[in-house]
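In order, the protein sequences belong to chains U and V.
Anchor point for the first sequence: position 76 equals 75 in numbering that gives the first Met the number 0, and the numbering is continuous, going up by one each time.
Anchor point for the second sequence: position 256 equals 255 in numbering that gives the first Met the number 0, and the numbering is continuous, going up by one each time.
Worth flagging that the hints you see were computed from the coordinates, not collected in a lab.
From a predicted model like this one, the values you see are computed outputs, not experimental measurements.
Keep in mind that a hint or two might mislead.
Ranges of calculated distance between the beta carbons of each label pair, as one might list FRET restraints [stated by the list, open to error]: (1) U:Ala233 <-> V:Gly175: 19 to 25 Å; (2) V:His275 <-> U:Gln123: 33 to 39 Å; (3) U:Gly99 <-> V:Leu93: 30 to 36 Å; (4) U:Ala233 <-> V:Ala466: 16 to 22 Å; (5) U:Leu232 <-> V:Leu93: 33 to 39 Å.
Far from chain U, by Cβ distances over 10 Å, these chain V residues were calculated [to be verified]: (6) His196; (7) Val299; (8) Thr313; (9) Gln363; (10) Arg370; (11) Pro386; (12) His467.
No residue lacks a Cβ here, since even glycine has one placed at the ideal position from N, Cα and C.
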Amino acid sequence: MSKLFPTLLLTLASLPAWANLNVFATVPEWASLAREIGGDKVRVYSATNAFQDPHRIEAKPSLLAQARQANLVVAAGADLEVGWLPLVLRDSGNAAIQAGRPGYFEAANFVSRLEVPTSVDRAQGDVHAAGNPHLHLDPHNVLKVGEALAGRMAELDAANAAAYQAGYKTFAGKWQAAMARWEKEAAPLRGVPVLVHHASFLYLANWLGLKEVGTLEPKPGIEPTSGHLSSLLARQQTLPAKMVLRTAYNPDGPSQWIAGKTGLPAVLLPYTVGGTAEAKDLFGLFDDTVQRLLKGLR
Amino acid sequence: MHKPFAVAALLAASCGAQAASDNDLAAIRGQIDEMKKSYEQRIAALEQKLVQAEAQAKSSPPPVSPAPAPVAESRPVGAATTASGFNPEVSLILQGQYKNMKNVAERGITGFVPAGGHDHGSGTIEGINKRGFSLDHTELVFAANIDPYWRGQAIIAALDGQAEVEEAWFQSLGIGQGIGLKAGRFRSGIGYLNEQHPHMWDFADAPLMYQAMFGTEGGYAQDGVQLKWLAPTPVFLEFGAEFGRGANFPGSDRNKNGSGAGALFAHVGDDLGVAHSWRAGLSYLKTSAREREAHFEDTVNGVEALSKFTGDSTTWLADFVWKWAPNGNPKYQNFKFQSEYFLRSEKGDLSCGEAEAGVAVSCQDITSGYRTRQSGWYTQGVYQFTPNWRAGLRYEQLDSGTRDLGENGNYLAVDHYKPKKTTAMIDYSWSEFSRLRLQFAQDKSMQGITDNQVTMQYIMSLGAHGAHKF
Numbered sequence: 000m001s002k003l004f005p006t007l008l009l010t011l012a013s014l015p016a017w018a019n020l021n022v023f024a025t026v027p028e029w030a031s032l033a034r035e036i037g038g039d040k041v042r043v044y045s046a047t048n049a050f051q052d053p054h055r056i057e058a059k060p061s062l063l064a065q066a067r068q069a070n071l072v073v074a075a076g077a078d079l080e081v082g083w084l085p086l087v088l089r090d091s092g093n094a095a096i097q098a099g100r101p102g103y104f105e106a107a108n109f110v111s112r113l114e115v116p117t118s119v120d121r122a123q124g125d126v127h128a129a130g131n132p133h134l135h136l137d138p139h140n141v142l143k144v145g146e147a148l149a150g151r152m153a154e155l156d157a158a159n160a161a162a163y164q165a166g167y168k169t170f171a172g173k174w175q176a177a178m179a180r181w182e183k184e185a186a187p188l189r190g191v192p193v194l195v196h197h198a199s200f201l202y203l204a205n206w207l208g209l210k211e212v213g214t215l216e217p218k219p220g221i222e223p224t225s226g227h228l229s230s231l232l233a234r235q236q237t238l239p240a241k242m243v244l245r246t247a248y249n250p251d252g253p254s255q256w257i258a259g260k261t262g263l264p265a266v267l268l269p270y271t272v273g274g275t276a277e278a279k280d281l282f283g284l285f286d287d288t289v290q291r292l293l294k295g296l297r
Numbered sequence: 000m001h002k003p004f005a006v007a008a009l010l011a012a013s014c015g016a017q018a019a020s021d022n023d024l025a026a027i028r029g030q031i032d033e034m035k036k037s038y039e040q041r042i043a044a045l046e047q048k049l050v051q052a053e054a055q056a057k058s059s060p061p062p063v064s065p066a067p068a069p070v071a072e073s074r075p076v077g078a079a080t081t082a083s084g085f086n087p088e089v090s091l092i093l094q095g096q097y098k099n100m101k102n103v104a105e106r107g108i109t110g111f112v113p114a115g116g117h118d119h120g121s122g123t124i125e126g127i128n129k130r131g132f133s134l135d136h137t138e139l140v141f142a143a144n145i146d147p148y149w150r151g152q153a154i155i156a157a158l159d160g161q162a163e164v165e166e167a168w169f170q171s172l173g174i175g176q177g178i179g180l181k182a183g184r185f186r187s188g189i190g191y192l193n194e195q196h197p198h199m200w201d202f203a204d205a206p207l208m209y210q211a212m213f214g215t216e217g218g219y220a221q222d223g224v225q226l227k228w229l230a231p232t233p234v235f236l237e238f239g240a241e242f243g244r245g246a247n248f249p250g251s252d253r254n255k256n257g258s259g260a261g262a263l264f265a266h267v268g269d270d271l272g273v274a275h276s277w278r279a280g281l282s283y284l285k286t287s288a289r290e291r292e293a294h295f296e297d298t299v300n301g302v303e304a305l306s307k308f309t310g311d312s313t314t315w316l317a318d319f320v321w322k323w324a325p326n327g328n329p330k331y332q333n334f335k336f337q338s339e340y341f342l343r344s345e346k347g348d349l350s351c352g353e354a355e356a357g358v359a360v361s362c363q364d365i366t367s368g369y370r371t372r373q374s375g376w377y378t379q380g381v382y383q384f385t386p387n388w389r390a391g392l393r394y395e396q397l398d399s400g401t402r403d404l405g406e407n408g409n410y411l412a413v414d415h416y417k418p419k420k421t422t423a424m425i426d427y428s429w430s431e432f433s434r435l436r437l438q439f440a441q442d443k444s445m446q447g448i449t450d451n452q453v454t455m456q457y458i459m460s461l462g463a464h465g466a467h468k469f
């Protein structure tokens, strides 16, 4: 009897807490990060998958139902989700996740954003006034966002604060080691000129020293036109690129067209978790991205 | 006596000095912290620039052509925006059309009492029923969070010589528990299309059913209060109730306290796999009218008579929407199916009188019972087959159903008809903000007339255009 009681207590304590944190992530990369930090203390829902253009999501009923029960919304921010998230938040009837509350977290607020335009005009296409929002493809940013996210999760679920901090520490340790590995492996990519479908790889290029020499889209968010592709082809003479990069959600036609005309390899990058079979989690995402880039270089 | 006083004064003075220096210290510390923070941010930004500069220096030979890669710029974390950042989101919708159709003197829907009066000749129906070139409503939208608890939105629709407040409401943000409160003038949550403004429609005009139910504006709006509750279930389940003035058709404005119209609705929706999502709804609207005017033909005297309806109107609506996109990515390809059905019963009294002073009608001053039961539906599909092109087809049918005018029925022409209309459209969007549409319709909404209509319509949205509902 005297032994049974502590055993019972221990068993109870080891069960996942009932007040688990319900996390609503807008994109797979931040869903994955929340899982890394929260482990079994969190229930994570990803509103989108790697095959969906994150700019063009609809405020579906299923998203409203999930947002209604969320304790924490993790968004990319920088206006990436401006076409649907504000509506989902407002119609969810959930006060805790409204912008400005602790239950609303924007990754873009915790990193230095690139390509912040000095002027904003729709004539420039679908520009983001707050800068390029595809910031997770620099692993340094993942670390910064992770630290802030762990802090936010600890604030919202104080009972499990230590677990979140420990989860982040473990993740950060593994991540730093992996970053060193990726940077070493990716050394040959430094200075390699590339064409990209959309400006989705700005942070990746910035991290690895890839040189972005053109986008297949004539303006952000406007689909490639034959005229624009031809001009890229002409520029290949003076400013040769070595690869054409696209995400899992971009159509392959334009990249393949360039590839067919020039012999450049058209490289599909997972872009986010789930974009390729290998990109099962954040580590897999970067492993696979680096491997595919190196393969494209050969 | 002198000494303790001096000591006390000294003590007090020194205390004051002490306090002041503490405050100063705190302030200085704060300033130092702030400076430290701002320098850290600047250093981080500079480092970022340095990395880029190095990368560029390493990779590019001296620039031959203007550098195509945009100069990356970093922004300090959490930089404050200027006061103008508090301005509401403003957007302006430009909408206009060219329309080719028959010149029908008294355009309406046979078998249905026209919403918002009666048309006498060309030019009297505003907006979407004009022939030739015309401007639709130009909508000006203002929206912003008011404070952490409320959000507000106003939509002003301008047309020649008039500006109409289409919507002006505030909405709760901070109640929680799935509860949403909206008050002001708003489009009712009944049906599917009802909440959507014309610029969101997939066709250039509202379905016949909406025109029959609520007039050419294609939606029911009222001044009042809306309460919604979203259930905490994995499946989307939403309930709503509305109370309001009920001044619009099928009700009428009255001088009284209390509520003139009420609505109830329920929505359910979910995903089926990653590619399919759907929503279904059931709604109920009850309005009451007092001396709502309509014209009937006096079959005895062969002139026009004016009728006045006083009574209640009950409308049931069922709606269903289903959307498909490969992998749930609607950008390149998607399909949308939508269908709605309505059933309306009206019960009350109809009194008859002269339409024009001095033109005698056979039913003069007769008041008799009035009972109708009418229904209709539409179904449509819109397929987006490339990022820019969409094509759609709509079929609709109404049923004038039961129209029992009691004794007045002996003097007035009561039409029975099943109006039909088939519409096909194709539209091109340069971006999410501009669209040009070509629409063909075969409109048999008026008995004995087959009206082949061609419409060319543009919809342009300027400024901070907010998210659209599902």
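- request: Check each numbered hint from earlier against the structure, then list the numbers of those it violates in ascending order.
  value: As far as the earlier hints go, 1, 4, 11, 12 are violated by this structure, in ascending order.
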